[in-house]
Amino acid sequence: MEVARIENVTRIFKTGDVETQALRGVNLIIEKGEFTALVGPSGSGKTTLLQLIGCLDQPTSGRVFINGKDVSKLNRNQRADMRRGTIGFIFQFFALIPTLTAYENVEMPLLLNGKSSAERRQRVMSLLESVGLADRAHHRPDQLSGGEQQRVAIARALAPNPTLILADEPTANLDTANGQQIMETMTRLNLETGVTFVFATHDPRVIKFARRVVTLRDGMVVEDSAGVLVGEGG
Amino acid sequence: MIQLLKMAFRNLGRNRRRSFFSALALAMGLALLLLLASFVEGEMGSVIDLTTRLESGHLQVRAKTYDENKTSLKWQDLLENPAQIAAQIASLEPVQVATPRLFASGIVSVGSETSGVRVIGIDPLSDANAPFRDGLLSGEFLTPEDREGILIGYPLAERMGLKAGDKLNLSVNTSNGDVDEQMFIVRGIYSTKTGGFDRITVFLPLAKAQAITQTDNHASTIFILLKDKALTEAVAAAIAGANYQVLTWEDMNELILQTEQMANGYIYILYLIVLAITASVIINTLVMAVFERTREIGILASLGMKGRQIMAMFLTESGLLAVGGIIMGLIIGVLVVAYFTRYGFYIGNMGVTGLLISDTIYTELTWQDTVNLTVLSFIITLLAGLYPAMMAARMDPVQALRGGR
Chain A
9 MEVARIENVT RIFKTGDVET QALRGVNLII EKGEFTALVG PSGSGKTTLL QLIGCLDQPT
69 SGRVFINGKD VSKLNRNQRA DMRRGTIGFI FQFFALIPTL TAYENVEMPL LLNGKSSAER
129 RQRVMSLLES VGLADRAHHR PDQLSGGEQQ RVAIARALAP NPTLILADEP TANLDTANGQ
189 QIMETMTRLN LETGVTFVFA THDPRVIKFA RRVVTLRDGM VVEDSAGVLV GEGG
Chain B
517 MIQLLKMAFR NLGRNRRRSF FSALALAMGL ALLLLLASFV EGEMGSVIDL TTRLESGHLQ
577 VRAKTYDENK TSLKWQDLLE NPAQIAAQIA SLEPVQVATP RLFASGIVSV GSETSGVRVI
637 GIDPLSDANA PFRDGLLSGE FLTPEDREGI LIGYPLAERM GLKAGDKLNL SVNTSNGDVD
697 EQMFIVRGIY STKTGGFDRI TVFLPLAKAQ AITQTDNHAS TIFILLKDKA LTEAVAAAIA
757 GANYQVLTWE DMNELILQTE QMANGYIYIL YLIVLAITAS VIINTLVMAV FERTREIGIL
817 ASLGMKGRQI MAMFLTESGL LAVGGIIMGL IIGVLVVAYF TRYGFYIGNM GVTGLLISDT
877 IYTELTWQDT VNLTVLSFII TLLAGLYPAM MAARMDPVQA LRGGR
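Chains as they are written, first to last, in our numbering: chain A, 9 to 242; chain B, 517 to 921.
Looking at chain A on its own, in the form it has when it is part of the complex:
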């Protein structure tokens, strides 16, 4: 079952008179339950592709389908609705709200989804337990290590029970041991929950965890370990 389908997508950024073509006709299909790495050098378009799949951005041309729905032309509010509950994000920087505790950070997407207080409590504690941080629930981000913060971010991404989790260089700011632990946690949760993970990285130690590797270069998919090379630059 397709979770995401990218059809001939281009993305051009304009800064003044200068145009930068970040993606040049990308085609890609992500199936349910995949654990896929988007790899490539800096500037290859990994983050832009993740943002398009995550409905944070819109393609200049081409179409993006999430769970079979065309999200290319949705307005801001419709894209926000699509993100909420369907897509979880893990960022390179430990993207927690600094004024909220670990518990409250994980609870935030559930609040936005209108879950009851009892549901929230049960879900948050079970998620914090699954990332090994139940005892740190009431600590604020500045009281947690980088690895712990990223595990809270994973728990938060999983909170609304999304079909797809997008991670942008999730281990880039962590040491080897913590990076390893994060990847192990993500792998385990992928297997346990069946949620699809797509993560961007250029770290070989991270790439080895992926079951599928999609390589981008200069805004094009140049290699796909799934065996089907779908993008030839449009």
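Don't read these hints as lab results, they were simulated from the structure. Possibly wrong hints are sitting among the right ones.
To be verified - In silico DSSO-like cross-links for lysine-lysine, where the CA-CA straight-line distance does not exceed 30 Å: (1) B:683 / B:709; (2) B:822 / A:22; (3) A:40 / B:822; (4) B:679 / B:709; (5) B:822 / A:123; (6) B:743 / B:580; (7) A:123 / A:81; (8) B:709 / B:745; (9) B:683 / B:590; (10) A:40 / A:123; (11) B:522 / A:123; (12) B:822 / B:522; (13) B:586 / B:709; (14) B:822 / A:81; (15) A:77 / B:822; (16) B:580 / B:745; (17) B:745 / B:586.
On the provided structure of chain A, position chain B as indicated by the hints.
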């Protein structure tokens, strides 16, 4: 909603000093507004109260042809047998006091010093003279039988170098157009703390004033004070008669009422200036907060938070800032106003012609002003928070996640 409040409260707590000083700016603004409002209320209240007690009363009864500006002393312009009319009016239940008064123009001279004065003949026993009797600084108050005594104000005494017991010459216009001059003994020196009144007003017992002005058993007016000002129109209607005119305090103090209206207009401009300054501080604080939290706004957007929810979060912050500032402002404002209500605000002799202004203004804060200014401050702060909140709500999530760059 509780979560939103909690987040907003904690967000304000991130930079406690900045939030505190922003709230303090609002607090000082509100305190200043309360002080301004109470000052104007106190001043105008005092002017009306003073003018009523010293000059106009709540009501005056005069002869139909009496012209106040000419201080006419012709018999046909005066009330005949005024004591009887005053007694009839005083018998009405709402009337606190009714007493005859005679007005004349005169000149006081001591040696080479002269000063133009307004002579008022009063019934020394009447309660209407309380402001002068209570304000006696030296000497004694007049008695009905006194034929030599005169009561003068402190500024006049000071200017002419007079003290109680000293002699002065008083020249007064008479009913037939002549001028009569007599020597008087300064029986007492009074002060109502109203320079404009005290400097030009001298008192004689009514009988003596009638004698010197040759007005026999006549008076210029019946000065009436009521137990309740609100009954003015009712009493005016009750005592209206064909042979005389009845004037209410509003008829006699048009200038004051117009000045009050004008002052209220000006004060609103001042309110807006103070609130505009306060609003700019609040805008600055929240715009800085939006810039500092750009990436966080991106995170919230990535979680599916909509623009209006992000806007609500920032508006809640400005709302909390407003509540904190207003509570502080009310405490500071009420304390400062309470001080000036008790001890007054010395402004000296303003010397405004046509207005009796006391040398000390006692602030008077009304519930209406307090509620209006509090609500106005709250609304202005929320409006000030609107721009930064909209800025945050309109932020592009991708740009925001990059930290706005």
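Checked hints:
The hinted pair formed by residue 683 of chain B and residue 709 of chain B meets the criterion: a straight-line CA distance of about 24 Å does not exceed 30 Å. Taking the CA atoms of residue 822 of chain B and residue 22 of chain A, the gap is about 25 Å. The hint holds against a cut of 30 Å. A C-alpha spacing of about 27 Å is found between residue 40 of chain A and residue 822 of chain B, which places the hinted pair at or below 30 Å, so the restraint holds. The hinted pair formed by residue 679 of chain B and residue 709 of chain B meets the criterion: a straight-line CA distance of about 18 Å does not exceed 30 Å.
At most 30 Å may separate the alpha-carbon atoms for a hinted pair to count; residue 822 of chain B and residue 123 of chain A meet this at roughly 17 Å. As the CA atoms of residue 743 of chain B and residue 580 of chain B are separated by approximately 26 Å, the hinted pair is consistent with the 30 Å bound. This hinted pair checks out: residue 123 of chain A and residue 81 of chain A have alpha carbons roughly 28 Å apart, not beyond 30 Å. With a C-alpha separation of about 23 Å, the suggested pair residue 709 of chain B and residue 745 of chain B falls inside the 30 Å cut-off, and the hint holds.
Distance hint between residue 683 of chain B and residue 590 of chain B is fulfilled; the C-alpha atoms sit about 29 Å from each other, no more than 30 Å. Taken as a hint, the residue 40 of chain A and residue 123 of chain A pair is honoured in the structure, with Cα atoms around 25 Å apart against an allowance of 30 Å. Of the pairs offered as hints, the one joining residue 522 of chain B and residue 123 of chain A holds, with about 18 Å between alpha carbons and a cut-off of 30 Å not exceeded. Distance restraint check for residue 822 of chain B and residue 522 of chain B: the Cα-Cα separation of roughly 18 Å lies within the 30 Å cut-off, and the hinted pair is therefore satisfied.
With a C-alpha separation of about 27 Å, the suggested pairing of residue 586 of chain B with residue 709 of chain B holds against the 30 Å cut-off. Pair hint residue 822 of chain B plus residue 81 of chain A holds up; C-alpha atoms about 17 Å apart against a cutoff of 30 Å. Distance check on the hinted pair: residue 77 of chain A and residue 822 of chain B sit about 20 Å apart at the alpha-carbon level, within 30 Å; holds. For the given pair, residue 580 of chain B sits about 24 Å from residue 745 of chain B by alpha-carbon distance, which is consistent with the 30 Å threshold.
Proximity of residue 745 of chain B to residue 586 of chain B is assessed by CA-CA distance (about 28 Å); at most 30 Å being required, the pair is judged to hold.
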